[in-house]
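Student: So the chains spell out like this:
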Amino acid sequence: MISSAYAAAEGHAQSSGLPQFESSVFASQMFWTIVSFFVLMYLLNRYVIPAINDILDSRSKKIGEDIQQAERARQEADRLLANYRDQIERARQLTATTIDEARIEAAAIREQALAELGEELNKRKASALEEIERTRVQAMEAVREAAVEIAMLATEKLIAKSVTKPKAESMVKEALEHLEKNRIGMH
Amino acid sequence: MESLPASFIGMGLAAAGLAGSGIGLGFMFGKAIEAFARQPGAEAQLSKYVWIGAAFVEAIALYGLVLAFIIMGKG
Amino acid sequence: MLLTATAINAEAAQAVAAAAPRMDPLHHFQVIRYIEIAPFGMDLFSISNSVLWMWISVAAVYLFFRYAMRQPGLVPGRLQSIAEAGYLFIRGIVDENIGHGGKPFFPLVFSLFFFVLFCNWTGLIPASFTATSQLIVTATLALGIFFLSIFLGFYKHGLKFLGFFVPSGLPVLLLPLMVPIEIISFLARPVSLSVRLFANMTAGHTVLGVLFFFSATLPWIGSWLPFGFSVVFTAVEIFIGFIQAYIFTILTCVYINDSLHLHH
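Chains as they are written, first to last, in my numbering: chain A, 1 to 187; chain B, 1 to 75; chain C, 1 to 264.
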């Protein structure tokens, strides 16, 4: 009794079980599944997949190009850097050689100047000495003449007091030697 | 015995097959967590297979459920 | 006397049962024909709610991808990123499971995944219909894949494809036992493929139906519990819809791979 009431209450849903097993709708659903799926596959294959393919390809190409470009820029920068380094090195060398040359030149000039100076000084010294020597000789001459004159005068006076000539001469000689001695002593 | 109560009993028995799937899921996830604890680095690779396996194990339970529905239609 | 009493009782019971809200979680799997087109008495082209939601899913997939890729840029926007992620996801599956020679099958696998995925997901919209909860829909797809794999096997390898059923490295004595097992497991492929998807969808939506029934009929003090659980379960269903589409796709790739490359 209860079960019959239950069965009546359940109605059609209970008697047919799961709606999925109702075979009357199979054919149409099968047909439309196939059609829908192939339509979707056609649409995606025709419009969507090529678009995504293109964009992914172009992106990977772009990335590859960017990497290549960056690589090229890096190489360029490396080259420039090496170039600049080279130039700086060359400039440094140039500076060094210039300084060295200048130093050598300066040393040579100084050397020359010193030599000239020394020579000049020597020359002056030599001429000064010569001058002195000449003056001394002149002075000696003058002194001798003066001495002879004095001696002559003295002799004349002495002769008057009978001094013989040889005596006078020996006396002069004596005086001269004396003078000479004195001069040497003076030196 | 009338066929309707019998079919109800049969449906219940068919659905009892879900227990096996429950055991399987617990076993699988337990083992998976054990594996992750041992090798945390492998989690990303393994979790994919865990979910695939979970779907397989779950499907076994659902075969029982489908059987129950089939019995329901026959009752 | 007794008979009439029984009849009256039965009538009363019927009246009570008819008045009370009746739990029927399987009701929303009912295929309803909207337009009946049955040439020559064959109900072949009828448009039902199942077919309608299949079309809606197809349109949703197509329009989503067209909208996402409407102005494809090298720097992707949000939707374009999603579309590309889906594309790369399927390409990963194809490369991983088919590998060499898998490229021609990419459109098939791509369409199959998104067809199943969107059928699963549009079914979660209230008052909609889940096309993949129909056994015949999943069986059609699975049988198509099954016949495709058989065709591919014979097309690529000729009669050598029959060697697929003979496991290598087995003693000859075991062959009479193993070959039928291999054949049966091969024949079980479309069955398991279709029943898995259909049963997952059916079971999930049945549970949701039961929960909604409870939350609608219980007094307010108790209805929030099944309602809250139904919300959580909807999220689980979204996840399951994805996982089942994924499994369906992966197994498709595995079957195609078995036919392309005879590993046995």
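One or more of the hints may lead you astray.
Listed next, the in silico SDA-like pairs over lysine to any residue satisfying Cα-Cα at most 20 Å (straight line) [said to hold, decoys possible]: (1) B:K74 <-> C:G77; (2) C:K103 <-> A:L121; (3) A:K62 <-> A:A73; (4) C:K103 <-> A:L43; (5) A:K61 <-> C:L26; (6) A:K62 <-> C:G77.
Hints are computed from structural coordinates only; laboratory data are not their basis.
Student: Given the proposed pairing of C:K103 with A:L121, does the C-alpha separation stay at or below 20 Å?
Tutor: 106 Å, violated
Student: Run the distance test for A:K62 versus A:A73: straight-line Cα separation, threshold 20 Å.
Tutor: 16 Å, holds
Student: Taking only the CA atoms, is the gap from A:K62 to C:G77 under or equal to 20 Å?
Tutor: 17 Å, holds
Student: Going straight from one Cα to the other, do B:K74 and C:G77 come out at no more than 20 Å?
Tutor: Given pair B:K74, C:G77 is violated - Cα atoms ~54 Å apart, limit 20 Å.
Student: Has the given pair, C:K103 with A:L43, been kept, meaning a C-alpha gap of at most 20 Å?
Tutor: 18 Å, holds
Student: Is the hinted pair A:K61 and C:L26 satisfied, with a Cα-Cα distance of at most 20 Å?
Tutor: Status violated; Cα separation ~53 Å.
When held up to the earlier numbered hints, the structure conflicts with 1, 2 and 5 and fits the remainder.
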